[in-house]
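Chain residues, written in single-letter form:
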Amino acid sequence: MARADFLTGLALIFLSIYVLIESWWMPRLEHLKAHPLSVPGIVPAFIGMVLLLFGTVLVIRSIRRGGHRLGLTYEGLRRLFIKPGNQRLLLTAILTIGYGSFLIGILPYWLATGLFIFVFIVLFEWERGMNVAQRKRCVISAVFIAILSSAAITLVFERLFLVALP
Amino acid sequence: MTVLIDNLARFLSAIAGFITPLALFHIAWSTLLGIIIGALPGLTATMGIALITTLTYKLPADLAILVLICVYVGAIYGGSRTAILLNIPGTPANAATTLDGFPLAMQGLAGRAMGVATSGSVLGSFIGMFFLATIAPILGNYALKFQSFEFFWLAIFGIVISGHLTSMEDPIKGWIAGFLGLLVAMVGQEGIHAYERFTYGTTELLGGFALIPAMVGAFGFAEVLSVMQNPPVKRAEAPQDSVFPKISDVLRYWRTIIRSGLIGTVIGIIPGVGEDIGAWVSYAAARRKSKEREKFGKGSIEGLMAAETGNNAVVPGAIIPALTLAIPGSAPAAVLLAAMFIHGLRPGPLLMVESPQFVYQVVAMVFFATLAIFIYGVGLSKPLLKVLAIPRTRLMPIVFVLCAIGSYAITSRIFDIYVMIGFGIIGYILRQMKYPMAPLVLGIILGDLMDKNLRRGLVLTDGDLTPFFTRPICLVLWLITFSSIILSIDPLRHALQEIFRLAWSRTRRLFSFR
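Sequences listed follow chains C and G, in order.
Take the numbering used here: the final residue in the first sequence is number 175, and no numbers are missing along the way.
Take the numbering used here: the final residue in the second sequence is number 1782, and no numbers are missing along the way.
Hints are computed from structural coordinates only; laboratory data are not their basis.
Heads up, a few of these hints could be off.
To be verified - Label-pair restraints from in silico Cβ distances:
1. G:S1751 / C:E31: 24 to 34 Å
2. G:F1609 / C:W135: 57 to 67 Å
3. G:D1758 / C:I106: 36 to 46 Å
4. G:Q1375 / C:I106: 38 to 48 Å
Model, not experiment: these values are computed from the prediction.
Heads up, the beta-carbon is just placed ideally off N, CA and C, and yes, glycines get one too.
Construct the entire structure; sequences and hints are all you get.
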C-alpha cells in the first residue's frame, strides 16, 4: 500500500498544482466590478491547496515506509497479469469499455446490447475441457439470455420510458 | 400538543394517500427488487437506487420517491440474507451482521438468525422513522436561520467527518476522497458569475458532471469490475429452522434494540456516514454493554440484533438532513437527493415552508417499505435463495447494460455513458487503494453549496473572516471539524494528550498542596 500511496500522493500533487495554476488564470472580472473574493478561481484554489497538502503528507508518509522504492520488474508485472482475478478484471474492462465507448452508437442499440451480453457470457463461461454438449449448452443459454435481456431493456426504455435509444 | 396532533394527522393522511392499488403495487415490486439487490453480493443499495432512479423518470414525483425509498430500505435489509447464509455482506451495511449471523447459521440456526435480522431491521426502521417524523420538522425550521457562513462550514464539516468516519484507519484517505469530490463539483458553469470552469470549450461539461451517471459509475461499474475480479461466491443452502421472528428475542433485547436504533439514527443524520458505520457502532456499543459479551462473534443473537437494528435505523436518519438541509446522510441518500431534484422536488431549509406535507409522505413511505420487508422477510425465504444462485457471469453484463442505458436515459447523451465509465474506473482504483466512496459522493453534492456560500459570505463581510468563526453554529461546526483533524494526526494527538496530562497533574498537585 505504501507504493500505491506514494504514486497517489505524486498524482495528487501534480493535480493540485495544475488546479492552482488554472485557478490563478481564471478571470478576475474587474471589468464587471466583481468583488475580488467572489472571483471564480478562489474556491478551486482553496481545494487545490488542501489537496496539495494532503498529497504532500501522503508522499512523505509513504517515503518513510519505503513506498518510493517501486521495484518495478518485468517478472513482477508478469506475475500480476497471470493472476486469474486480474485476467478476469482485464477482460471485463475490455468488454464493458468496448461496449460502452464504441459499440453503442455504431450498431443499433438492441444489437450492440445483445452482442455484448452474448460475448460476455460465452467468454467467461467457456472452459477448457468442456465436452460438446456443455459447449452447446453454454452458447445456447448465452444466446437466450442475450436476446431476452436485450429485447426487454430495449422495449422498456424505448416504449415505456420513451427514451430515444442511441 | 396541537402541533403533535397536526403532525400525526399529516402522517395519517400521508398513509391514507398511499393506500391505492397503484402505490401498493409499486411498494411490492420495488421493495422486493431492493431485497434482491441487497442480497446479491456486489450490488449495493447506492447502486440499486441509482439504477432504479433511471426507471422512475416517467413516474409522478411521490411515486418515484416511494419506489426509491422502498429499494433503499429493502436493499439494506436484503444484504443480511447473504451475510447470514454465506458470510458475505450483501451490501457493506451488513458487514457487522456476518460476525454473529454466519456462526448462528453454522450452528443450524440460520432461520432464527434471519428472524432476528428481520425483527431488528423492522424495529430499527421504525425507530429511525419516529425520529424522522419528529426531528426533521424541527431541524427544517432551525435550518431557516442558516446563512452562507453556516452552509460553508456544514459542507466542510460533512466532508471531514464523513472522511474520518468512513476511513477510520487512515482518515486522510477519506478527506482526500471528499476534496476530490468537491473538485469534481467545480467543473462546469459556476453559480455566481456563470464562468465556465474546467470545461475546455466542451458544451457537455457546461452543467458539470451529471450526478446520476457519476454515481452509477462509481458504485455500479466499479462494483461490476470488483465482482468479476473476485473469486465466485459459493451457493447458499436453505435454512432448516423457522424464519419467523421470535417475540422473546425482541423482549429480551429491547434495550439493545432501542440503543442501536438511536445510534443508527444519529449516525444517519451525520452527513455522508452511512449504514455500515451505523451497524458497526451499534454492534460495538451492544458488545460493551452486554451481559453475554463472550458470545459476541460466536453467534450472539444480541450482536446480530444490534447490527441489523443499527443499519436500518440509519436509513430514515440519513433522510433527515437530505430533506431539511439538502445534505445527504449517506451515499444512498445522496442518490435519493439527486432523484428528488430530478423530479422537481426542492429539499432544503425551505421544504418545511413550501411543502411540509412532503416530510410526512416520506415518513409514510419508510413505514410502507418497512411493512413490506417484514412480509417478504417472513414469507419469501426460499425463493430469495434462488436469486442468490444466479451466476455473476450472467448477472454482471446485464447490470453493466443497465448502468450504461441508465446513465444515457436522463438527457439522451452518449457523453453520460463516458462519464459513467470514467467514474467507474476512478471509483474502482480508489476503492482498491482503500479510499472510501461516500465522502467523494458527498463532495460532488456539496461542492456547489460550498462554492457559492464561501464566496457569498466573503462578499457580505467584505473579506472579513470573523463571522465564519464566531457565529454560534459556525463555532460548533469548525471546532468539531478541526478537532476531528487534529485528533487523527498521531503526533498532534500525542502532544495534546501530553499537554492535558501535564496540566491535569499540575492542577492536582496545586490543589493537594493547598
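What hints, given by number in increasing order, does this structure fail? Result: hint 2 breaks, nothing else.
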